[in-house]
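Protein sequences, first through last, are from chains A and B.
For the first sequence, the residue numbers in my numbering are 1 to 109.
For the second sequence, the residue numbers in my numbering are 1 to 113.
Derived by calculation from the structure, the hints in this document are not laboratory data.
All values reported here derive from a predicted model rather than from experimental measurement.
Built from N, CA and C at the ideal position, the CB exists for glycine as well.
Some hints could be false.
What follows is a list of derived Cβ distance ranges for each label pair [unchecked claim]: (1) Leu46(A) / Ser69(B): 27 to 37 Å; (2) Gly40(B) / Ala29(A): 23 to 33 Å; (3) Arg9(B) / Arg59(A): 31 to 41 Å; (4) Gly93(A) / Thr15(B): 20 to 30 Å; (5) Thr5(B) / Asp7(A): 43 to 53 Å.
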Amino acid sequence: RKEVEQDPGPFNVPEGATVAFNCTYSNSASQSFFWYRQDCRKEPKLLMSVYSSGNEDGRFTAQLNRASQYISLLIRDSKLSDSATYLCVVRGGSYIPTFGRGTSLIVHP
Amino acid sequence: DAGITQSPRHKVTETGTPVTLRCHQTENHRYMYWYRQDPGHGLRLIHYSYGVKDTDKGEVSDGYSVSRSKTEDFLLTLESATSSQTSVYFCAISEFGQNTEAFFGQGTRLTVV
Numbered sequence: 001r002k003e004v005e006q007d008p009g010p011f012n013v014p015e016g017a018t019v020a021f022n023c024t025y026s027n028s029a030s031q032s033f034f035w036y037r038q039d040c041r042k043e044p045k046l047l048m049s050v051y052s053s054g055n056e057d058g059r060f061t062a063q064l065n066r067a068s069q070y071i072s073l074l075i076r077d078s079k080l081s082d083s084a085t086y087l088c089v090v091r092g093g094s095y096i097p098t099f100g101r102g103t104s105l106i107v108h109p
Numbered sequence: 001d002a003g004i005t006q007s008p009r010h011k012v013t014e015t016g017t018p019v020t021l022r023c024h025q026t027e028n029h030r031y032m033y034w035y036r037q038d039p040g041h042g043l044r045l046i047h048y049s050y051g052v053k054d055t056d057k058g059e060v061s062d063g064y065s066v067s068r069s070k071t072e073d074f075l076l077t078l079e080s081a082t083s084s085q086t087s088v089y090f091c092a093i094s095e096f097g098q099n100t101e102a103f104f105g106q107g108t109r110l111t112v113v
C-alpha cells in the first residue's frame, strides 16, 4: 500500500463548480500536511498547508482528519486557471515530504 | 521564487553512460532532495541530504548516487544510465522543521536511448 493515496481523476468540472479531493495517508505518526499544485510540465508549488483546525485561503479550504487519516481540499467557484494536478504531501518525523500521485482537475467553460 | 536551479534542463544520453545532474540553491536550506516523476507513479524520492556530506537513500535509489560537498550543491549521478531511468528529475530544498515548505527546481528532462 502506498503511503499517500489519491484518486488520480481526472475530475472534469464546469467553471463555477465546487470540487473536492481527498487524500489518505498510512503513517499515523505523520505530523504535517500540505497541498501542492503542479501545472503541466512545471515544478510543483505549494498551494497551502493543512492545519488541524482546518484552514481557508480564498476559494480553497483544506481539512485534516487525524482519526481517519485523511486530508481534503475543497475548491469553490472553480476557474479555468485552476486546471492542474493537485498533489497531497505528508511529512513524518524524518521531515521528508512524501507525495501522493496527484489528482488531475480539468475546469471547462 | 526560491533560489534553486537545476542543470541541465534537458539531456539525451546513451545507455551505459554516466550522467550527473546538478542542483544549486542560494537559500542556505539544510535539506535537499532528488525526486523522479513518472506517469502513474507521481514523485518518488531517490536520495536526500540533511547536511553537507550527510545523505541517505530514498524509495528508488538503485542505480543512483549523490554527493553534497557544499551546502548549496547536491549532485545526482546515474552511474550507468538505463532506459528505465528516462524520467523528469526534480530537486527540492527545505529548511529544518515540520511545517516548512519544500521548494522545487524547474526539473531536468532526461532521456536515455
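**Prompt:** Between Leu46(A) and Ser69(B), is the Cβ distance one that fits in 27 to 37 Å?
**Reply:** Given a distance of about 29 Å, which is inside 27 to 37 Å, the answer is holds.
**Asked** Does the Cβ distance between Thr5(B) and Asp7(A) fall inside 43 to 53 Å?
**Response** violated, 34 Å
**Item:** CB-CB spacing for Thr15(B) and Gly93(A) relative to the 20 to 30 Å hint
**Value:** violated, 39 Å
**Request:** Go ahead and decide if the range 31 to 41 Å is satisfied by the Cβ distance of Arg9(B) to Arg59(A).
**Result:** holds, 33 Å
**Request:** Just tell me: holds or violated, for the beta carbon distance of Gly40(B) and Ala29(A) against 23 to 33 Å?
**Result:** holds, 27 Å
Against the hints set out earlier in the document, violations occur for numbers 4 and 5.
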